[in-house]
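Enquirer: The lines below spell out each chain.
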Amino acid sequence: MISSVQTSWAALLGNPNSGKTAIFNLLTGLNHKVSNYPGVTVEKKTGLARFAAGDQFNILDLPGTYSLTPESMDERIVTEQVLNWIHGHEPPDVIISVVDATNLSRNLYLTSQLADLGIPIVVALNMMDMVKQDLNINYEKLANDLDVAAIIPMSATEKWGQSELLESIKKSMNSNVVENPFPIFLNDDISNALKPLEEMLKTQFRYNNRLAKAQALRLITRKSTVEIYTEMSANGMIVDAAFKKSLQEKRVAAVDILENTGIKHRIMEATLRYEWLDSVLATRNINIESNIEEYNYSEKLDKLLTHKWVGPAIFVTILYFIFQSIFTWATVPMDWINSGVAWIGNQVLNLMSAGMLRDLLVEGIIAGVGSILIFLPQILILMFFMTLLEDTGYMARVAFMMDSFMKMIGLHGRSVLPLMSGYACAIPGIMSTRTIDSWKERLITILILPLMSCSARLPVYTLMIGAFIPATHVFGFFNLQGLILVIMYFLGTVTAFVLAKVFSLFIKVEGKSSFVMELPPYRIPLWISVFSQVLNRGKLFVVNAGKIILSISIVLWFLASYPKVDETNGNENPIRTSYAGKIGQAIEPVIKPLGFDWKLGIGLITSFAAREVLVSTMATIYNIESNLDNIVQLKDAMKSDKNPETGKPLYTPLVAISLMVFFVFAAQCMATFAIVRNETNSWKWPLFMIIYMNGLAFGASFIVYQGGLLLGYG
Amino acid sequence: MRELPVTLFELKDGEIATVHSFKGDMELQSRLVEMGILPGISIRRIKTAPMNGPIELKVRDYHVSLRQNDARNILIK
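For the protein sequence lines, the chains are A and B, in the order given. Quick note: to get the working numbering, add 1 to the position in the first sequence (first position is 1). Quick note: to get the working numbering, add 221 to the position in the second sequence (first position is 1).
Hints may be right or wrong, so weigh each one.
Unchecked claim - A short list of chain B residues far from chain A (calculated; beta carbon distances all over 12 Å):
(1) Val227
(2) Thr228
(3) Phe230
(4) Arg252
(5) Glu255
(6) Arg265
Unchecked claim - Below, in silico cross-link-like pairs of lysine-lysine (DSS-like), each with a Cα-Cα straight-line distance of 25 Å or less:
(7) A/Lys548 <-> A/Lys593
(8) A/Lys304 <-> B/Lys268
(9) A/Lys309 <-> B/Lys244
(10) A/Lys171 <-> A/Lys160
(11) A/Lys301 <-> B/Lys244
(12) A/Lys548 <-> A/Lys643
(13) A/Lys246 <-> A/Lys203
(14) A/Lys265 <-> B/Lys268
(15) A/Lys265 <-> A/Lys133
(16) A/Lys565 <-> A/Lys643
(17) A/Lys583 <-> A/Lys565
(18) A/Lys224 <-> A/Lys196
(19) B/Lys244 <-> A/Lys441
(20) A/Lys304 <-> B/Lys244
(21) B/Lys298 <-> A/Lys224
(22) B/Lys268 <-> A/Lys309
(23) B/Lys233 <-> A/Lys301
(24) B/Lys233 <-> A/Lys265
Calculated from the structure, these hints are not laboratory results. Glycine included, each C-beta is placed from N, C-alpha and C at the ideal position.
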């Protein structure tokens with residue numbers, strides 16, 4: 002038998018906005034596994050933390066949730082995990098329950114639910130820096146009341162309390178939980194109604210008394226909990242049909258009994274639990290009613306930030322500022338990367354003797370990967386702002402202000418954040434739609450989200466704008482290049498909104514929409530948290546894009562270099578006669594009405610893997626075409642390329658705009674469709690997306706190019 | 222004198238009231254009670270979002286927003 006030392010692990014649970022992610026980042030530093038797409042709260046992230054003595058343990062960061070009833074997707078993930086644990090599938094050694102100290106009663110509601118599970122709990126009482134008066138709590142007594150191992154006051158933002166937290170985690174990992182009776186008083190009516198379900202859970206799953214009572218209470222209160230139990234075969238537990246039937250029958254019977262005695266079963270658990278919790282807090286001198294009239298700093302800030310007129314104006318200004326800064330601030334590091342790549346290419350040219358390997362390295366790999374790396378600064382800047390808006394609490398205000406408009410076009414205030422994330426990348430955006438409770442609004446958000454111009458389109462826009470749009474000023478202060486970029490984003494966004502409305506009229510899906518959303522207090526973000534999120538994003542872009550682009554660059558280089566032309570026939574363009582050239586020419590008739598030639602045709606094909614590949618494709622093509630004296634500047638090469646028949650420039654500003662418009666609409670990113678398949682659980686919706694988006698792209702480009710020709714541009 | 226109880230929809234920005242009961246949408250009330258918005262709790266209506274959007278409330282120690290239509294299902298006194 003192989004014996005392995007199992008690393009102990011802790012699960013991090015807490016309300017949304019309790020600072021859970023900040024604590025995770027504080028404990029793990031930058032030492033966490035980059036889960037595929039780190040959306041702020043949606044993904045399952047694991048990290049490694051270290052005790053003072055140097056030994057390590059794993060932390061799993063679960064999505065933020067208000068309770069253990071599975072209503073939204075996020076809560077479902079948490080509830081399923083918890084159910085797996087209590088059924089013996091790798092339960093954590095300890096649960097870290099993150100609690101916002103400024104908002105005790107609501108945060109402790111989840112903690113009290115967790116305390117029923119029989120897993121040691123350490124409460125991280127976060128945001129102590131925001132508590133105005135001394136809370137004056139006897140933490141030991143309160144911990145005893147709540148049946149948790151310890152309550153550790155701390156502040157993730159001010160970075161204190163974490164060593165006490167770690168100490169307490171370590172202590173709890175090696176302790177056993179003593180089973181106390183279910184702490185909440187249940188009158189006879191309720192006790193009797195719970196009994197049959199309780200007994201059933203005990204027999205079936207060997208729950209102890211307390212857990213059986215807690216789960217029975219929840220099963221009666223929320224129907225969605227029944228679903229979790231009956232779908233359990235999907236969660237690694239086998240339950241037979243008889244159990245499912247009996248569970249449902251027993252629940253209906255219990256509901257009947259309760260309603261007959263005048264107890265509203267749907268609010269039963271919350272009513273009982275909050276009553277108990279509020280009385281516990283009251284005996285510890287914590288009054289929950291006193292602060293309702295308090296006019297705090299967030300409310301003062303919101304006077305302006307969510308003001309009827311000023312609020313939206315500030316939002317638009319912030320958006321405009323972000324997009325302008327992407328262009329102005331990023332130019333310096335972009336120039337560095339650009340010259341760095343050129344320098345490396347030239348070094349290789351000098352060091353290696355001419356031959357196939359050198360060609361592949363310089364023309365294929367360095368030119369291809371380098372042309373993508375250059376966009377990293379812009380992506381990092383965009384991600385930085387998005388994370389900042391989220392972590393300060395401003396994003397929730399955006400949802401609040403935009404809900405009226407979003408509802409009008411068939412979406413939800415919560416669609417705003419996913420849609421804005423879509424400006425960075427559709428994939429984390431699509432994943433973060435899980436916070437939208439209503440399936441219909443969520444589906445429509447997913448369907449239109451890829452129309453938000455993602456950062457992979459940015460390289461294409463930047464290349465085209467940089468090469469073909471003059472840097473003149475219009476109306477005095479708008480930079481024409483920046484303006485065209487804003488127009489491209491605007492075009493995608495407006496089309497997305499129009500289509501959302503259209504889809505909402507035609508898609509018939511059940512589900513009611515509600516909008517209950519917390520507006521968290523404004524907070525100064527924890528910088529390590531912001532940077533780790535931005536870094537993860539950047540790493541992901543480089544690794545993912547790098548992999549795709551590297552392989553495509555190599556394949557493309559072969560296709561574009563072979564068969565080699567006869568050296569004596571010097572006038573022949575080597576690309577034109579290559580395999581890639583032949584493919585490009587084969588599709589040229591289809592794309593000619595849009596103004597694209599066969600070279601762009603090759604780019605369009607390769608960009609189906611990922612949009613930014615267009616740029617590396619063009620870079621590879623032009624590098625092969627040139628005589629290898631040095632790495633050519635793609636921008637200049639495209640600008641000076643001539644149509645061999647007419648002798649006029651091959652690419653005009655009109656072609657550039659037509660190409661950009663094509664990229665605004667076209668469905669090109671395979672990874673997006675894979676994610677949509679996962680999130681909608683069918684191929685129907687990704688297929689629908691591919692068809693509608695590409696139809697739109699072709700039509701719009703056609704109108705732009707042909708219209709432009711008619712008007713005499715070209 | 223207004224008739225009691227009225228709904229949260231009719232409460233004006235800046236006014237304080239106590240939650241009395243719920244009607245209508247079951248999903249909504251389940252969600253609200255889990256966030257501690259229960260019969261007997263005090264709430265203050267803070268403001269209405271731009272374009273006559275959702276309303277913002279203060280309850281317990283936090284701020285929460287909900288749509289005006291949902292506010293019609295919360296009876297207050």
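Enquirer: List in ascending order the numbers of the hints, as given earlier, that are violated by the structure.
Expert: Hint check: 4, 5, 6, 7, 9, 11, 12, 14, 15, 20, 21, 24 fail, others pass.
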